[in-house]
Amino acid sequence: MTPVRLAAAGLCLGLAACQHSQLLLLPDEGGGHGAVAVLEANGKPVEAVVSQPDSRTRLGDASPTPRPAGVLKGDEVALLSGMPPPSKSFTLYFIEGTTDLTPESRPVLDELRAEIGRRPGVDVEVTGHTDTVGSTEDNDRLSQRRAEQILDLLATVGIDRNLMTAVGRGERDLREPTLDNVENGFNRRVEVLVR
Amino acid sequence: MIGRLIPVAALALLAVSPARAEIARIKSSTGVAAIERGAGRLPAAPGLQLLAGDRLVTGKNGRISLAFIDNTRFSVGPNSRISVRDFVYDRTRQRGKFLTQVDRGSLAIVSGHIAKSDRDAMKVRTPNSLLGVRGTRFIVEVSK
Chain A
0 MTPVRLAAAG
10 LCLGLAACQH
20 SQLLLLPDEG
30 GGHGAVAVLE
40 ANGKPVEAVV
50 SQPDSRTRLG
60 DASPTPRPAG
70 VLKGDEVALL
80 SGMPPPSKSF
90 TLYFIEGTTD
100 LTPESRPVLD
110 ELRAEIGRRP
120 GVDVEVTGHT
130 DTVGSTEDND
140 RLSQRRAEQI
150 LDLLATVGID
160 RNLMTAVGRG
170 ERDLREPTLD
180 NVENGFNRRV
190 EVLVR
Chain B
0 MIGRLIPVAA
10 LALLAVSPAR
20 AEIARIKSST
30 GVAAIERGAG
40 RLPAAPGLQL
50 LAGDRLVTGK
60 NGRISLAFID
70 NTRFSVGPNS
80 RISVRDFVYD
90 RTRQRGKFLT
100 QVDRGSLAIV
110 SGHIAKSDRD
120 AMKVRTPNSL
130 LGVRGTRFIV
140 EVSK
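First to last, the protein sequences are chains A and B.
If you're matching positions, the first sequence starts at 0 in numbering that gives the first Met the number 0 and goes up one per residue.
If you're matching positions, the second sequence starts at 0 in numbering that gives the first Met the number 0 and goes up one per residue.
Accuracy of the hints is not assured; some may be wrong.
Listed next, the in silico EDC-like pairs over lysine to aspartate or glutamate satisfying Cα-Cα at most 16 Å (straight line) [to be verified]:
no., chain 1, residue 1, chain 2, residue 2
1, B, LYS115, A, GLU110
2, B, LYS143, B, ASP102
3, A, LYS87, A, ASP109
4, A, LYS87, A, ASP53
5, B, LYS115, B, ASP89
6, A, LYS72, A, GLU46
7, B, LYS115, A, GLU39
8, B, LYS122, A, GLU39
9, B, LYS96, B, ASP119
10, B, LYS96, B, ASP85
11, B, LYS59, A, ASP74
12, A, LYS87, A, GLU110
13, B, LYS96, B, ASP117
14, B, LYS122, A, GLU46
Hints are computed from structural coordinates only; laboratory data are not their basis.
All chains, full assembly: derive it from the sequences and hints.
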């Protein structure tokens with residue numbers, strides 16, 4: 000090894016050590032805060048969890064030490080304000096056994112169209128939900144089919160089919176928690192997520 | 000007959016290669032901002048669909064914002080090079096795996112369903128560390 004390369008190796012121990020990385024943990028948008036675990040530093044396993052909101056942690060240290068973030072830098076503020084807005088959810092209810100919207104759900108369709116128009120690069124997730132009557136597998140299929148039917152319906156009222164995907168969540172996400180095999184009109188619904 | 004068969008075969012191929020399915024969509028971009036896919040390079044225009052393995056690359060004044068199908072959101076700062084190395088997501092169960100590599104630059108993240116699904120299902124790698132995301136809003140910065 001030449002003296003020059005030796006010196007460089009002594010300073011940096013390879014490219015990764017020359018680079019400086021930092022984690023800035025922030026409060027959640029809706030209040031509260033999460034955590035980020037440091038699992039490895041310079042290829043070695045580390046067990047540390049950063050959970051102090053508004054903290055900065057230098058990465059690569061064997062024992063990561065969060066420090067108060069202080070005032071955010073201009074770059075950081077710009078990064079956060081560039082974040083896409085959170086997705087927005089709309090719930091549609093149908094007359095039982097049909098794909099006809101209940102009268103109360105009809106204005107929701109107009110709100111949905113307006114929201115889609117407001118978002119550049121928009122995508123729309125049409126998610127079907129069932130109540131707890133029937134098996135998990137049957138409800139997965141049923142909710143998927145319902146989501147596809149509603150996707151077709153939304154396409155006929157002028158929402159671009161290329162923006163939409165259909166998802167069936169079955170009975171995993173009940174609006175009104177019930178025991179198994181309970182018929183419930185609030186749980187049989189379609190949620191449309193505009194992202 | 001052959002003319003009919005080929006599109007069907009192509010569709011079947013798409014159906015069995017989930018790795019090529021949409022994982023995210025570009026919402027906005029400014030300045031020099033591109034998606035590198037294999038040897039190709041696409042301008043990061045709003046509406047562009049991302050695939051697993053894509054790299055997000057920005058220049059001096061470049062920015063990109065995007066949202067993933069699990070509701071994770073990214074805001075990419077200038078002079079960045081960020082790859083989505085692994086992204087698998089089951090929409091029915093809202094579970095999956097997500098590995099992002101930040102080679103340089105800055106990335107703000109609001110995590111979504113994958114981070115919630117299993118411990119460290121969502122990870123972020125920097126040149127000198129590996130992070131497990133347990134929610135939800137943070138910035139990773141890699142500078143020389």
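Here is what the structure says about each hint:
no., hint, verdict
1, B:LYS115 / A:GLU110, "violated (29 Å)"
2, B:LYS143 / B:ASP102, "holds (10 Å)"
3, A:LYS87 / A:ASP109, "holds (14 Å)"
4, A:LYS87 / A:ASP53, "violated (27 Å)"
5, B:LYS115 / B:ASP89, "holds (13 Å)"
6, A:LYS72 / A:GLU46, "violated (29 Å)"
7, B:LYS115 / A:GLU39, "violated (21 Å)"
8, B:LYS122 / A:GLU39, "holds (11 Å)"
9, B:LYS96 / B:ASP119, "holds (9 Å)"
10, B:LYS96 / B:ASP85, "holds (7 Å)"
11, B:LYS59 / A:ASP74, "holds (12 Å)"
12, A:LYS87 / A:GLU110, "holds (11 Å)"
13, B:LYS96 / B:ASP117, "holds (9 Å)"
14, B:LYS122 / A:GLU46, "holds (14 Å)"
Hints 1, 4, 6 and 7 from the earlier list are contradicted by this structure; the remaining hints agree with it.
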